[in-house]
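Q: Protein chains in written order, with my numbering: chain B, 1 to 291; chain U, 1 to 291.
Some hints could be false.
Repeated chains share a single entry, so a pair holds when one copy, or any two copies, can fit it.
What the hints assert, rightly or not - Below, in silico cross-link-like pairs of lysine-lysine (DSBU-like), each with a Cα-Cα straight-line distance of 35 Å or less:
#1 K137 / K222
#2 K81 / K98
#3 K200 / K137
#4 K51 / K81
#5 K55 / K98
#6 K51 / K200
#7 K61 / K91
#8 K61 / K81
#9 K61 / K222
#10 K98 / K137
#11 K81 / K137
#12 K55 / K137
What the hints contain is simulated information worked out from the structure, not anything from laboratory work.
These are the residues of each chain, in order.
Protein chains: 2
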Amino acid sequence: SSTVTLQGETEKEKNKEEEEEKKVQNNVNTTADSEKEKGNIVSYWGVPPSKVANKDGTDWKWTCFRPWETYQADLSIDLNKHHVPITFLDKLAYWTVKSLRWPTDLFFQRRYGCRAMMLETVAAVPGMVGGMLLHCKSLRRFEHSGGWIKALLEEAENERMHLMTFMEVANPRWYERALVFTVQGVFFNAYFLGYMISPKFAHRVVGYLEEEAIHSYTEFLKELDKGNIENVPAPAIAIDYWQLPAGSNLRDVVMVVRADEAHHRDVNHFASDIHYQGRELRESPAPVGYH
Amino acid sequence: SSTVTLQGETEKEKNKEEEEEKKVQNNVNTTADSEKEKGNIVSYWGVPPSKVANKDGTDWKWTCFRPWETYQADLSIDLNKHHVPITFLDKLAYWTVKSLRWPTDLFFQRRYGCRAMMLETVAAVPGMVGGMLLHCKSLRRFEHSGGWIKALLEEAENERMHLMTFMEVANPRWYERALVFTVQGVFFNAYFLGYMISPKFAHRVVGYLEEEAIHSYTEFLKELDKGNIENVPAPAIAIDYWQLPAGSNLRDVVMVVRADEAHHRDVNHFASDIHYQGRELRESPAPVGYH
Ligand SMILES: [Fe+2]
Ligand SMILES: [Fe+2]
Ligand SMILES: [Fe+2]
Ligand SMILES: [Fe+2]
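The following block holds chain B by itself, in its conformation from the complex:
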């Protein structure tokens, strides 16, 4: 049966290749020829790979993000804002986050590059879970989202880009990979449940997590300035994502990442505050594109 499959697939591919040939002749804008050399699957099912170019006309080299998703970080954001916990739920959120800091500090000590990489694998979860739950709710209730689905999904994508960046300067060891597996399994389910029970609490927790993130990136900067961590050149992916000038270094990257975290802090405290007012998120338009 698997032989039949392969033959079937091969024949279909031939047909596709013929179709493609026609397209290239008709001057359709595809990268088909260059991709073909690399042996990738192209124009399968009539979907030509999108040709994305830089401003100067050269090929865009990333597939995990595109030029229209890049931006310049707003470094003027207030890094010291803090939501003073008043209610019981806020205090619970605050102390949950604070109690998580102890084992984290103990585990990573001053290895801030490694710490950043590991924590970003966790940071990208809440936005995705929240966005997904709001999406399903919007469908079930036939309701508009107020832009919150998009805002939370954008937060998740932004956090994933933080991870893609720190991956370039730190390398996860096998036991760190195993730890990420476990932590994701636990945290994904905990946040999923938590968000279903109390989005007010869930967003508050993320708000406080982001406050801690700002703190640890500030410590990272101090170590860089002291020379305890080498200020290596910025990874290429970071330069393209945050539109950084050529010759930027790790310090510049940590600066823009920290600004991102401050934005996430505001968005999540804001979301929690809306719930505190007894309203639903969709009633107050989400800050879209607020990095």
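Start from chain B and add chain U with the ligands according to the hints.
A: Coordinates of chain U with the ligands only, in the frame set by chain B:
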């Protein structure tokens, strides 16, 4: 305790309002004043509502999508493409979808407006589940996504916009709402599990579901042309989302929605084909912005 909360919140709001006043004086670009009249929460946590304008300078009226997410549908797409099932798994996917059509046809008969509305609540699930699972995988494995997370999430958002559109022309009755609740609960979990076990199979099923969607929108068009369904003016949300000319009607909307489904069909059959080649999605760049 809840009184304390409310007082705390009210005091905080006053402070925020003062802060806001300052911002307005400083000519910061906010919609604060107009929002305040409506009694909405504004500039909370220093997040000013984003001011979004149309090309002609008038205010953008939607919060669930923004001008940069609108597009003109590509109506030239081939509506008759069909993936001939050869392997056992493909046949299983094909007959799963075909067997789901019987009860659906029986339930809706020729109420295509209602049918479209109800089915779009289901159609928006696979993209979200697939995107989320790929996101988590990317984090766990420290791997780039190849753009597939974004592509699948975009599909989910596109389907949700289909729902927001059909909601304007059909009204769900209470038992239909109850049905959506149940179906989403079952389908979300089934697709989640299915995608974890075999993304190859999951994407193939969606490919076939989209083929059926094209068919039922074609039937919808026939009923409109026969005059059995009234060709009412297009909802405002549809005109803005698909950049339709003023004076468009329901028929024009069904045309662009059908084109969207054809694009989803291609993307999902493509994704399944990549898995059939024994590759992972991230190895072949996703067709981003392929509506
Ligand atoms: Fe981050
Ligand atoms: Fe963050
Ligand atoms: Fe749809
Ligand atoms: Fe679809």
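Q: Does each hint fit the structure? Answer for all of them.
A: Results of checking the hints against the structure:
{"no.": "1", "hint": "K137 / K222", "verdict": "between (43 Å within a copy, 33 Å between copies)"}
{"no.": "2", "hint": "K81 / K98", "verdict": "within (17 Å within a copy, 56 Å between copies)"}
{"no.": "3", "hint": "K200 / K137", "verdict": "both (16 Å within a copy, 27 Å between copies)"}
{"no.": "4", "hint": "K51 / K81", "verdict": "between (42 Å within a copy, 24 Å between copies)"}
{"no.": "5", "hint": "K55 / K98", "verdict": "neither (45 Å within a copy, 47 Å between copies)"}
{"no.": "6", "hint": "K51 / K200", "verdict": "between (42 Å within a copy, 26 Å between copies)"}
{"no.": "7", "hint": "K61 / K91", "verdict": "neither (46 Å within a copy, 38 Å between copies)"}
{"no.": "8", "hint": "K61 / K81", "verdict": "between (37 Å within a copy, 31 Å between copies)"}
{"no.": "9", "hint": "K61 / K222", "verdict": "within (33 Å within a copy, 45 Å between copies)"}
{"no.": "10", "hint": "K98 / K137", "verdict": "both (31 Å within a copy, 28 Å between copies)"}
{"no.": "11", "hint": "K81 / K137", "verdict": "both (31 Å within a copy, 33 Å between copies)"}
{"no.": "12", "hint": "K55 / K137", "verdict": "between (40 Å within a copy, 32 Å between copies)"}
The structure fails to meet hints 5 and 7 from the earlier list, while all remaining hints are met.
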